[in-house]
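K.L.:
Protein chains in written order, with my numbering: chain G, 1 to 1000; chain R, 1 to 1000.
FYI, nobody ran anything at the bench for these hints, they're computed from the structure.
As the structure is a prediction and not an experimental result, all values here were calculated from the model.
There may be inaccurate statements among the hints.
Stated by the list, open to error - For lysine-lysine, the following DSS-like pairs were computed, each having C-alpha atoms within a straight-line distance of at most 25 Å:
1. K757(R) / K314(G)
2. K477(R) / K314(R)
3. K190(R) / K219(R)
4. K515(R) / K624(R)
5. K947(R) / K738(R)
6. K314(R) / K740(G)
7. K947(G) / K738(G)
8. K734(R) / K622(R)
9. K314(G) / K758(R)
10. K477(G) / K515(R)
11. K740(G) / K946(G)
12. K616(G) / K734(G)
13. K350(G) / K94(G)
14. K740(G) / K515(R)
15. K758(R) / K477(G)
16. K758(G) / K622(G)
17. K477(R) / K734(G)
18. K140(G) / K162(G)
19. K477(R) / K738(G)
20. K140(G) / K414(G)
21. K738(R) / K616(R)
22. K477(G) / K622(R)
23. K314(R) / K757(G)
24. K314(G) / K740(R)
25. K350(R) / K477(G)
26. K758(G) / K477(R)
27. K587(G) / K734(G)
28. K758(G) / K314(R)
29. K758(G) / K740(G)
30. K947(G) / K740(G)
31. K477(R) / K587(G)
32. K947(R) / K757(R)
33. K740(R) / K947(R)
34. K314(R) / K94(R)
There are 2 protein chains.
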Amino acid sequence: MTRLEGETEPSPTHSSLLIVSPLGPQTMLTAISMSAIATNGVVPAGGSYYMISRSLGPEFGGAVGICFYLGTTFAGAMYILGAIELLLIYIAPKAAIFPLEGLEGAEAEAALLNNMRVYGTILLFSMATVVFVGVKYVNKLALVFLACVILSILAVYAGVIKTGIDPPEFPVCLLGNRTLVWKTFDVCAKTIESANGTVTTQLWRMFCDSPLLNATCDKYFTANNISQIQGIPGVTSGILTENLFGTYYEKGDLIARNYMESAEDQDDPLTNANRYVLADIASYFTLLVGIYFPSVTGIMAGSNRSGDLRDAQKSIPVGTIAAITTTSFVYMSSVILFGACIEGVVLRDKFGEGVHGNLVIGTLAWPSPWVIVIGSFFSTCGAGLQSLTGAPRLMQAIAKDGIVPALRIFGHGKANGEPTWSLLLTACICEIGILIASLDAVAPILSMFFLMCYMFVNLACALQTLLRTPNWRPRFKFYHWALSFLGMSLCLTLMFLCSWYYAIIAMLIAGSIYKYIEFAGAEKEWGDGIRGLSLSAARYALMRLEEGPPHTKNWRPQLLTLVSTDSEQNIEQPRLLSLTNQLKAGKGLTIVGTALVGSYLENQEQTQRAEQALRKLMETEKVKGFCQVTVSSNLRDATSHLLQASGLGGLKHNAVLVSWPRNWRQGDEHQTWRNFVELVRETTAAHLAMLVPKNIAAFPSNGERFTEGHIDVWWIVHDGGMLMLLPFLLKQHKVWRKCKIRIFTVAQLDDNSIQMKKDLTTFLYHLRIEALVEVVEMHDSDISAYTYEKTLVMEQRSQMLKQINLTKNEREREIQSITDSSRGSIRRKNPAAVTTQLSVTEEPVAASKEEKPEEEVQLIHDNTTPTTPATPATLLTPTEGAKSPGEQVQMTWTEKCDGEPAKPPGAATPEGIKDIFNMKPEWENLNQSNVRRMHTALRLNEVIIKKSSEAKLVLLNMPGPPKNRSGDENYMEFLEVLTDGLNRVLLVRGGGREVITIYS
Amino acid sequence: MTRLEGETEPSPTHSSLLIVSPLGPQTMLTAISMSAIATNGVVPAGGSYYMISRSLGPEFGGAVGICFYLGTTFAGAMYILGAIELLLIYIAPKAAIFPLEGLEGAEAEAALLNNMRVYGTILLFSMATVVFVGVKYVNKLALVFLACVILSILAVYAGVIKTGIDPPEFPVCLLGNRTLVWKTFDVCAKTIESANGTVTTQLWRMFCDSPLLNATCDKYFTANNISQIQGIPGVTSGILTENLFGTYYEKGDLIARNYMESAEDQDDPLTNANRYVLADIASYFTLLVGIYFPSVTGIMAGSNRSGDLRDAQKSIPVGTIAAITTTSFVYMSSVILFGACIEGVVLRDKFGEGVHGNLVIGTLAWPSPWVIVIGSFFSTCGAGLQSLTGAPRLMQAIAKDGIVPALRIFGHGKANGEPTWSLLLTACICEIGILIASLDAVAPILSMFFLMCYMFVNLACALQTLLRTPNWRPRFKFYHWALSFLGMSLCLTLMFLCSWYYAIIAMLIAGSIYKYIEFAGAEKEWGDGIRGLSLSAARYALMRLEEGPPHTKNWRPQLLTLVSTDSEQNIEQPRLLSLTNQLKAGKGLTIVGTALVGSYLENQEQTQRAEQALRKLMETEKVKGFCQVTVSSNLRDATSHLLQASGLGGLKHNAVLVSWPRNWRQGDEHQTWRNFVELVRETTAAHLAMLVPKNIAAFPSNGERFTEGHIDVWWIVHDGGMLMLLPFLLKQHKVWRKCKIRIFTVAQLDDNSIQMKKDLTTFLYHLRIEALVEVVEMHDSDISAYTYEKTLVMEQRSQMLKQINLTKNEREREIQSITDSSRGSIRRKNPAAVTTQLSVTEEPVAASKEEKPEEEVQLIHDNTTPTTPATPATLLTPTEGAKSPGEQVQMTWTEKCDGEPAKPPGAATPEGIKDIFNMKPEWENLNQSNVRRMHTALRLNEVIIKKSSEAKLVLLNMPGPPKNRSGDENYMEFLEVLTDGLNRVLLVRGGGREVITIYS
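Please take these sequences and the hints and turn them into a complete structure.
P.N.:
Pasting the structure below:
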């Protein structure tokens, strides 16, 4: 876990403290998050991969795990390269296959890299062999390596103390303020005063064209003096102040001493560059962070060994945090002590060219440089071995989880569990790193992978803390989501700070793996927090929605589709689900429910079978939603309960889809149609909309495509706009896309049907629904009363449509009124302000209703005088919902300028509705009125057949059921007559609230 | 909407095209989004504010609306400043109160600004008066202003054409490549050849110490020549190529001509700076974008007038898009033509100092500069008037919506609706802008506000498109969420590009307003998309959760609390909700349900009353969740339905909380306790956990705080860990925080109770639950069989706990097995691999069950031999759920290394459970066994009383109900005896699945 800096890093610059300092908190925060996760139950081997995959799911776990594996592998490559670099430069420079001697600049660099490639490959091969032969040798060597590290650290500290007493002889030769490569000369001076007088030195000959004193020399050489300074002036020299502030270099810049004067001509080109010590790479703060970062990547080492610890829950936090504290102390103190002991130019001279190629830290160390050299070599070898041991095991763990099918082979191993294939893969990837050869090119890549891993450990901890599942009970108590979040942000910042392009590349890699696992990986359920997040999100969203019913603008059909099952629990009306699917353009909720008769305890098998049948059918028909099977002692209660208890909070159904009871006249279906009429009553009471397809078997399947034809809407009563919205929703589905919408409305012969059509067209234009409008004229006296009523209503509508073009002032008030009334409750600011033209309609009716005895109301069809325009009431009833006081109606498009709700066409004030459309003539009285009603139905049916017999679908208002149950059969009969001869009919009944608005 | 550049902007630099070009797409995309929103129904006056507030809710609407208001107001200030600048510089320079003559540099600038402040205030005051007097005058003036703009544009184009034929005389005087301020000299030369020989000019005297030819002159003056060039060389001169690439200046830089040589000494300090034309502000790309941006802020003008348009849905898209196309064309062509006609140094000379203070564009225009000057002046005045008219109305709209209480006063107006207070506020804010005076300092602020507004218009469109509510049916079809998203990103990018600090300030302002409205504002429901988003999110999250039951790690208590109501629909057990609240640490779902007897249609009133009572109580007890009232013809069905149909998808309850039926022995409560036992049966069948508090009235309210005491758990059967988890959850609540958990387990005298305690302690340690463990020894023979069974189970447990310290290999396999089995179904890979020590327990029991006749099983209590350890079965039954084949059990902590589920302590294999704990001895047989059972209960009760009588709460396993209903009464009696004398008891029954795990 501890690596000595200076081993394989470029010599630290003076802002090292700045580089080291952010990594302390970052690793500490990550360690805190990791400790929390690691102490929240047993973490078997797998370390961070295990933690992330079990906290954030297989996709994140896999992506990050593979990245972490790559990071570890590249780290292995880096360790091997470091060892080779030490070997070739300090231990055995003679061993170089591509000789470095005599080469300069780029060539020397290339030769060094080639040497490293060759030796790196050899070392990798031998290490892989050791790992393959037996992991126990690796473990034994670990102790040796630890000893090496400790010895090296102690040697450095001892050396620092020694510099205070007796600084080592470590000269650096400067020309002006430039450091010279001290290789081909011996004396650091231009001339030597020898017996023969002043003699030029080897150094002179490097810069001048002849050894003579009057030779032509390099300008800079002439202008500046040669000086020899102490490379390690010692801790007491006060060099620290000079080294305190950093200087960054571009690659190839001269390493110059700060605070030293130099006679330099700006315009003069640099000559003899190869004589000077040059910066080997461009150094800037963020790059150095990236290069330095791998030194602190060891924090996971403890948790990765979780499987081998006796009490992981205690050891991981203590061990990790102690380790971070120790390393932080060692790093910080080293940076300060190096800065205090060593000359800046020496610190920046990576290969020690200015100091005869000596290892600076070696010279500093006491008693011998070899402690450092050998120690470093062995510890890098050891770290490499550890990487080569750990990485294949991590890969094996990922492969065994089976989340990435392509990696399955790497789960296999030797008989003793050693992961052979994994090791091979690791060695191959490691070899890539070695072929890149340049340490500083490899380091940022792996930094990214490690940082990403840390980021996700932090994320996992933050997420789990915020979700507060009962299972989140870490023994380690000193965590907080804010700390984890901060750690996560720090990781992300560091990633982009180090190298934004590497960061993006690393993220792209992780993203690709994520997508691959999502697409091709085995689905695993490990109880990850993402699922917990869904739960919390769903709960939160539902709670938020509970506050009130959605606004008209947010209205979506949330269907409760009621299907019935036969004795074998097969669904009797599969096409009902096709229709549900075709209506799903609204993207709302769908609940498919069925009612069973029996007892919950005894009919478990049937329940399950019914549920399975439902699910299967939903899958076939591609209906996304929930299913609900209810068992009760009787069908009536079961159906009622489905209506009452389905859905949750804001996700309650707002419309019921149920098919017309076929063959209801047959005696044995008695219960079914009684139940149906009761259901109509209950949906009305519950303010739900109702859709009743008749002849459901003839409805198209989802595969059919109508290439032409019409959807015909017979718009007789406006009860919330469902009739307008439904064809629009259907047209969003492929089946109905090519159909055209036609809207029929009924007018009397002497009506101004042209104006009526125009008005309706304008209304539809404002609703942004494309439809053909047709006004049908009927001249039957039965119908005439109805149409007369329509005319009045049309006048209101015209009035309303005119109001759309209000003056500005009025409009502003209108917005205000919408704003107010859309809160739900209609406030009657000024009851006297009901407009006059409405009173015309309203009051006589109210009078006729309340004052006239029952019989007259029943005979209302014969009455054609303008004062009793209530006929349609006997035909079609709007929602009862509008009646209840304080009820939440949102007729936003029908608002009037004084805050009063205006009348929608075909409707009246909430009070008016009650009066005009109330179902007073009871269905059960088989008297004249009932016969007339049937007659009306017949006539209307005739007209509909005439106009819409070729239509693909006919939508009709559905009248309300009679109050008295004895009229139920007449009611059913009436609906039969009304829809007779039509192929597909959808009876629609509004839910007492506006579902469509002309406002944005 | 259209403003001529060059009017009030700094002369365009050559990268103007670049500045102009990104704004084209950005405004176009915003216009598309806006068109979509504006054509989705009627948009009354209020424009963008209305659209955003109705799409994204009052918080966003208010925040953005106020920002937009500020933007419009500052724009007004900018227009007024522009007008004054034109007035003071070009129309009537003499009018300056603070004379500019003779002042130089900063002083001249300060004087100009002061003049602008004074005149600006005067103009603002007069404009505000005009607006206050009557908006109709403003509207009439608008036509005049439009005419001015068109005339100006035409004049410029005409002028450009004229330069091709006859370029105007427009000389610029250069010294070297520096432009000279042409004010105090007449001839552009150093000397003039006059009759008297060479005479020095006025210019000479500006740079030299004497008019003599041998005078000492400014070095630069001496070194460079004077040249006079054409300021407007004309469109045919090819100057465009020179102007093609931009040069940016710092404030105070010299405006120098490109591509012109200049003899300059770098080291020489700049002298006579005031003689040269200097850059008036630092110009860089992003700043210029910010300054230029207000020119394109007019795109909302059309939609803001939506109220006054006849057919807004058609006019807004057509008008806005046509306007953007026109302005883009005018801007782009102007930039190109200016670049082609005018010399670069002239373009950069903002105040025309180098050209005698002439207006460049005026000189370019044909026939007269006054067309431009007067046109510009009037059009800026007009724009200012428009801002002063529009902004107060916007403020009034916001104030009238009432979302910001502090602004309520600004909703009031004069009798004719004119917003007096708003106008006053607007004038005040405008005055601030005028006092800032510098146009270029004001422009970026308002750019930010406008950009933010556009961003939100785009966001609103993208959100609505993605949500796909049926109400989203824009007539304008050419929108797409990706376009809106792109527009949004462009807006955000532009904000930060222009000036990141202004952007952050603008966002902070908007954020503060948002928070203020959220905190103090009236709650408004306008059907905004955010609510629609909640709905979609809830639906999506629930669908996601439907896939399967949550993992043990994600298990939270999702309570269904069943309460009963009295005849007045008051809740009978309010403390049940207190307990629910105290358990809510799990943050799971809560559904509070109650069952009513009656008919849904006829008992609506009672239903509503019960629901209100529930909601009220939930509010009082701070229980966040949902309530559900079910009406049915009988109590049994209603209760059963609550159990069956509550919740939705993944948010179904997993535990039922119901209070013990008090006084169940009394005859009239017969139905209640029968229902209770049935409920126990049904929860078992539904695999739900069950919590039954006894003596609920004695439970603490949420306000109480126990300062000491214990929560005692009597851990007799392990049925999923509920008993362990519940006290942990309770301890998260303030009421129980200070209580300590004690866990009691029962051992036989000759058991190794020390080992037992140690094992249990270890187990709890791994569960991360802090509790005191106590092993109670009992020596009754009845109990002994039970404790013997325990011992065996403890052996299993020890075995299990040992497995926690598996070797690495084994562990890895174990993880795999957990992985596999946690998918839900327990796969029996190798049925023969059941470990031996388990068979010891298992097989004899199985044998005893299957082979022995019923009677022997009933007398099992007397049997103390190790082969029949089934006694506890008669006492406590684990979940029946474990029995059903293929059932999804997640006993992750009990997994064994071979993929077999190990036995949890106290339980056995799924088959074993059935055999050991089955309720064979029927409760209804009042024979010896039943008496014995009662005896056992008495004994256990004695022990519990002895140990836990002082405990604040006692948790006990709850045995399963008898299979045969005739034993129900005995069952109730047994539970009474078991819990007799204890103050607060919570009977707990697991739901057949593990709820707690030792794994991370």
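K.L.:
Between K314(R) and K757(G), does the CA-CA distance stay at or below 25 Å?
P.N.:
holds (21 Å)
K.L.:
Tell me if the straight-line CA distance from K738(R) to K616(R) falls inside 25 Å.
P.N.:
violated (29 Å)
K.L.:
Is the Cα-Cα distance between K314(R) and K740(G) 25 Å or less?
P.N.:
Between K314(R) and K740(G) the Cα gap is close to 23 Å, so the pair holds against 25 Å.
K.L.:
Holds or violated: are the alpha carbons of K477(R) and K734(G) at most 25 Å from each other?
P.N.:
Distance ~19 Å between K477(R) and K734(G) Cα, so the pair holds.
K.L.:
Can the restraint linking K758(G) and K622(G) be considered satisfied, given a maximum Cα separation of 25 Å?
P.N.:
This hinted pair is violated, its Cα atoms lying about 41 Å apart.
K.L.:
Between K515(R) and K624(R), is the straight-line Cα distance small enough, at 25 Å or below?
P.N.:
holds (23 Å)
K.L.:
Would you check the hint for K477(R) and K314(R), treating anything up to 25 Å between C-alpha atoms as holding?
P.N.:
holds (12 Å)
K.L.:
Tell me if the straight-line CA distance from K140(G) to K162(G) falls inside 25 Å.
P.N.:
violated (34 Å)
K.L.:
Tell me if the straight-line CA distance from K758(G) to K477(R) falls inside 25 Å.
P.N.:
holds (24 Å)
K.L.:
Holds or violated: K477(R) and K738(G), Cα atoms, limit 25 Å.
P.N.:
holds (18 Å)
K.L.:
Quick one, are K740(R) and K947(R) close enough, alpha carbons at most 25 Å?
P.N.:
With a Cα-Cα distance of about 14 Å, the restraint between K740(R) and K947(R) holds, given a limit of 25 Å.
K.L.:
Is it true that the CA of K314(R) sits at most 25 Å from the CA of K94(R)?
P.N.:
violated (50 Å)
Going down the numbered hints, you'll see the structure goes against 10, 14, 16, 18, 21, 22, 25, 34, while the others check out.
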